[in-house]
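Sequential numbering of the sequence shown, starting at 1, is according to our numbering.
Hints in this document: simulated from the structure, not taken from any laboratory.
Misleading hints may appear alongside valid ones.
Below 20 Å or equal to it, Euclidean Cα-Cα: the simulated EDC-like pairs (lysine to aspartate or glutamate) are [said to hold, decoys possible]:
1. 71 / 40
2. 71 / 45
3. 71 / 28
4. 95 / 39
Model, not experiment: these values are computed from the prediction.
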Amino acid sequence: MTKKKRKREEGGNDRNVLQLFTPLRSVEGWIVLVSGVHEEAQEDDILTLFGAHGHINNLHLNLDRRTGFLKGYALIEYENFVEAQAAISGMNGTKLFFRTISVDWAFSTGPFKGRRSSSLAKPRHKAIS
């Protein structure tokens, strides 16, 4: 049996990759990262949208000191895993104030799905020898 055929029968690399990307619970609960949030969105807008998926323990919106507008992301804390997973699957890719938002786990054992891991990123400056 060839190596390629054996991998296909065992489930291939997909099974191993999925095991690497498991969400991690913070001390207080399950934290969801929402990116792409419009700068003029309000706390009530986000609470209304994400509150439909479960009870929100905490919501953190980081504001720009100079302008007073949102910086473009929010951290939402759910008490249990099922509610957080429902928020991720239900809200990822939806629109909020005509902008598509991305929703994923704030803490996981693997790199963020939408970005390259830091080890793969190109260095910004060349080393001087």
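Hint check:
1. 71 / 40: holds, 10 Å
2. 71 / 45: Holds - the C-alpha atoms of residue 45 and residue 71 are around 15 Å apart, at most 20 Å.
3. 71 / 28: Not satisfied, since the Cα-Cα distance of roughly 24 Å exceeds 20 Å.
4. 95 / 39: holds, 13 Å
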